[in-house]
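Chemist: The primary structure of each chain is shown beneath.
2 protein chains.
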Amino acid sequence: MTKLEINNSGNNNSDSNNSDTKYYKFDEAFDLTKASVEKLLVQAPHMVRDYTKHLSKSQGKFVRAKALLVCALNGQNQIHENAVHLAVSIEILHLATLVHDDIIDDSDLRRGNETLQKRYGKKKAVICGDYLLSLALRTLSRLKEKENYTEFFLPNFVSRVCLGELEQYSNNGNLNISTFRYLKIIRGKTAALFEGAFLAGAIFSGEEEKHQSQYAKLGRYIGMIFQLTDDCIDFEASEAEAKKPVGKDYEEGVITLPLIYSIKQDKEFNNNIKTGKINIEEIINLVIKFDGINFTKGISKGYYKKAGIIIDILEIDAEKKGKLMDILEKSYNGITK
Amino acid sequence: MTKLEINNSGNNNSDSNNSDTKYYKFDEAFDLTKASVEKLLVQAPHMVRDYTKHLSKSQGKFVRAKALLVCALNGQNQIHENAVHLAVSIEILHLATLVHDDIIDDSDLRRGNETLQKRYGKKKAVICGDYLLSLALRTLSRLKEKENYTEFFLPNFVSRVCLGELEQYSNNGNLNISTFRYLKIIRGKTAALFEGAFLAGAIFSGEEEKHQSQYAKLGRYIGMIFQLTDDCIDFEASEAEAKKPVGKDYEEGVITLPLIYSIKQDKEFNNNIKTGKINIEEIINLVIKFDGINFTKGISKGYYKKAGIIIDILEIDAEKKGKLMDILEKSYNGITK
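Chains as they are written, first to last, in my numbering: chain B, 1 to 337; chain F, 1 to 337.
Worth double-checking, as some hints may not be accurate.
Treat identical chains as interchangeable: a pair holds within one or across any two.
[To be verified] List of simulated lysine-lysine pairs, BS3-like, C-alpha gap at most 27 Å:
no., residue 1, residue 2
1, Lys25, Lys301
2, Lys123, Lys53
3, Lys217, Lys184
4, Lys184, Lys53
In case anyone wonders, no lab produced these hints; they're calculated from the structure.
With the sequences and hints as input, model every part of the structure.
Modeler: Written out as structure tokens, the structure is:
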């Protein structure tokens, strides 16, 4: 099942004004999305194929695509083919941002595999990321009846991701950053793409405009939770779970909330900052001493509750509600990686 | 004159099916494009403004935008507002590719100004380039009646630029590259964006589909000429003209046609290649000895003739023909920088 064209096993929706439009059940749509992304990576043009094939080995769990497809479920529990194209696009886009992220952070490993920048060098990684970005946008050209989707515009969310990245990089190694500022950074860096995915899904599901903003907000909250959970995992002992070494964020200069909070609790440590040279063991001990993880989970819990309320009030059937709750729970408990 | 909305001094075109559509004369459209690009750079969000303002200092001559606008002139010598939006988009896109190019080539100077990667570091330059790319694509959201322009899809051309860049980088320092392969690289790296600009212009001018491919071909030829002229300038003595030091391409590992040709003429030199350590003086002497510039200009002349024939056969008025010839001449003679 690798071609969108041959997968018309869903029923046509009577609401549609285009009888050629295909609809899919959730599992079909999700499988199709994964197969299409894989195909784009494995069958890329010769010049980039080595790199994209390498990336296909360390695919994640397609959280953004899954969220988009769940949101796109319509009243008949069917998903418009456009939602599948956009889910593919958003996963490729996410991959592009990871490739460029790894350059910024000097990362050697991602999901247990060597990063592109480590294996092939930063320079090739710059252009590979650009290629993936253009590939993501080309996928959008397959959307039918584009004129109906002017509300949703992907590059807008890409800009917000970039601005978040830049602000994070400007604060690289800054141990004095405020909680407020940190949350603002991850709202761009991570949550913007979730917001885009949820909003796009809502539009494709045929939700009225007044409800679309609820979906966008839900996406933003889940994106925040997703990042905060990730931040905690980096300080927790279970190395196998996150597939990256403990304290990796700090070693790359990325200062996350568990540490930001803990530092502010310790006057003495705060004075030592000026002298520099704080090793990773000291940092981990500090986070344990002041329970920075518990604080971070508390902030995450706040978003979790607000997200739950939105899911509650959405006028959708039990099945869709269940799937949204599942995404929320998994983001909160960190089992989406 | 900085807002598109306030510039409705052109006449409405009777062909239009949308009475709100604005049309501009060429000079108005070109001034508006330059002002809009400047505004986007100078008024960028706080996080990137330092970088984009820095870039605005070393703007080029808007060759791609000018080409697009000339091609977009309709039978009444007017330009549709969409062509202006796209001209802005293509210039910002071009700027994005320059920012990432300079990372790949380790360039310190561009048009006499320090590059972004030299001034702020490669990492920030990666994200700035991404931001500019997203900005270029956001500009496209201002196009009216998008459904009429499905033939033209910018990310397609961006992919081709990326593949050309990757192939060039893979051949970095490769003195044995063939002329054929080199021409294939610059067809992607440089000519793809020209092709996109000419094709877009033709579509906006209301040209029939059968003529649009002629415009695309013309764009490709002019793009090839543009790059080959640039390659020659790098070996010519007039440092002030190119605003970059002579032999810069070679020092960055970029092997261009004047050198590729000259090396193949010299058996003895060819054997020395294996021993490595060829300094820039030897390279320049070699190009002078075998007149690699004359050879390159000969190849360029071939494209020049083919481009001239297309301009001749296009069914357009003398004014538009004159403007297209002007772009061709300036690309050939290297006075577009």
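Chemist: Next, verify each hint and record whether it holds.
Modeler: Taking the hints in turn, this is what the structure says about them:
no.: 1; hint: Lys25 - Lys301; in the structure: neither (32 Å within a copy, 58 Å between copies)
no.: 2; hint: Lys123 - Lys53; in the structure: both (18 Å within a copy, 25 Å between copies)
no.: 3; hint: Lys217 - Lys184; in the structure: within (15 Å within a copy, 47 Å between copies)
no.: 4; hint: Lys184 - Lys53; in the structure: between (34 Å within a copy, 24 Å between copies)
Violation of the numbered hints given earlier is confined to hint 1; every other hint is satisfied by the structure.
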